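Each residue of the sequence shown is one higher than the one before, starting from 61 at the first, in this note's numbering.
Check before you lean on any hint, since a few could be wrong.
Claimed, not checked - Ranges of calculated distance between the beta carbons of each label pair, as one might list FRET restraints:
| no. | residue 1 | residue 2 | range |
| --- | --- | --- | --- |
| 1 | Val236 | Thr178 | 21 to 29 Å |
| 2 | Leu85 | Thr107 | 24 to 32 Å |
| 3 | Met87 | Gly192 | 39 to 47 Å |
| 4 | Glu170 | Ala257 | 42 to 50 Å |
| 5 | Asp100 | Leu241 | 18 to 26 Å |
| 6 | Ala257 | Gly153 | 37 to 45 Å |
Claimed, not checked - In silico DSBU-like cross-links for lysine-lysine, where the CA-CA straight-line distance does not exceed 30 Å:
| no. | residue 1 | residue 2 |
| --- | --- | --- |
| 7 | Lys142 | Lys76 |
| 8 | Lys208 | Lys121 |
| 9 | Lys74 | Lys258 |
| 10 | Lys76 | Lys258 |
| 11 | Lys256 | Lys121 |
| 12 | Lys74 | Lys256 |
| 13 | Lys208 | Lys256 |
| 14 | Lys258 | Lys121 |
| 15 | Lys74 | Lys142 |
| 16 | Lys121 | Lys176 |
| 17 | Lys93 | Lys208 |
| 18 | Lys74 | Lys208 |
| 19 | Lys76 | Lys93 |
| 20 | Lys142 | Lys256 |
| 21 | Lys142 | Lys258 |
Just so you know, these hints were derived from the structure itself, not from any lab.
Computed from a predicted structure; not experimentally measured.
Built from N, CA and C at the ideal position, the CB exists for glycine as well.
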Amino acid sequence: MNSRIIFATGNENKMKEIRMILQHLNMPILSMKEAGIELDIEEDGSTFEENALIKARAIAKLLPNDIVLADDSGLEIDYLNKEPGIYSARYAGVDTSYDIKNQMLLDRLEGVEEEKRTARFVCAIAAVFPDGTEETVRGTIEGRIGDKIVGENGFGYDPIFYVPEYGCTTAEMDPVQKNALSHRGNALRKICEVMKAKEEL
């Protein structure tokens with residue numbers, strides 16, 4: 061039985077979502093920073109899964125007795141050949157605000173008809189366990205790119221990601237609804253099943 065999960069991220073918005081989705085586990089979930097780790101990890105993989113594993117392995121080397129989880133997530137826009145994809149966080153520069161990134165994508169899709177604006181959020185989660193075994197899972201949510209920035213909730217590309225079945229962007233959803241549908245929620249629930257199967261929970 062392991063006492064805690066370390067999540068290899070420094071993103072506070074992401075940690076808030078992760079803790080909400082995994083609250084039923086009743087075990088401490090710490091970010092890298094909370095675990096006392098400051099590490100600049102170069103994500104040079106060619107897929108979401110590879111990048112998630114790179115992060116998880118780097119932290120697991122330093123904390124071999126904990127379950128280490130890492131995610132790599134992003135937005136794929138079909139009309140733009142699945143850009144920004146694995147470069148979602150770095151699109152237009154790491155320090156560029158998402159207001160600017162979102163507007164740039166809207167500008168690139170200007171005049172493109174609705175049915176060609178299909179997109180998805182992808183989240184790959186990698187787990188490295190104390191016994192050295194590794195697992196990866198993937199969660200997605202399908203939608204399309206809206207024609208304007210809408211909504212105050214969420215973060216990142218949420219204000220331009222429109223989900224037709226719900227008639228709103230993921231930035232207009234309340235956190236409980238979003239977590240039930242989101243790529244990250246789906247992937248975290250899958251990794252929970254993997255952990256249960258390994259009897260780590």
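Results of checking the hints against the structure:
| no. | hint | result |
| --- | --- | --- |
| 1 | Val236 - Thr178: 21 to 29 Å | 26 Å, holds |
| 2 | Leu85 - Thr107: 24 to 32 Å | 27 Å, holds |
| 3 | Met87 - Gly192: 39 to 47 Å | 20 Å, violated |
| 4 | Glu170 - Ala257: 42 to 50 Å | 47 Å, holds |
| 5 | Asp100 - Leu241: 18 to 26 Å | 32 Å, violated |
| 6 | Ala257 - Gly153: 37 to 45 Å | 41 Å, holds |
| 7 | Lys142 - Lys76 | 27 Å, holds |
| 8 | Lys208 - Lys121 | 43 Å, violated |
| 9 | Lys74 - Lys258 | 25 Å, holds |
| 10 | Lys76 - Lys258 | 26 Å, holds |
| 11 | Lys256 - Lys121 | 23 Å, holds |
| 12 | Lys74 - Lys256 | 23 Å, holds |
| 13 | Lys208 - Lys256 | 41 Å, violated |
| 14 | Lys258 - Lys121 | 20 Å, holds |
| 15 | Lys74 - Lys142 | 22 Å, holds |
| 16 | Lys121 - Lys176 | 44 Å, violated |
| 17 | Lys93 - Lys208 | 35 Å, violated |
| 18 | Lys74 - Lys208 | 24 Å, holds |
| 19 | Lys76 - Lys93 | 14 Å, holds |
| 20 | Lys142 - Lys256 | 33 Å, violated |
| 21 | Lys142 - Lys258 | 34 Å, violated |
Of the numbered hints listed earlier, those contradicted by the structure are 3, 5, 8, 13, 16, 17, 20 and 21.
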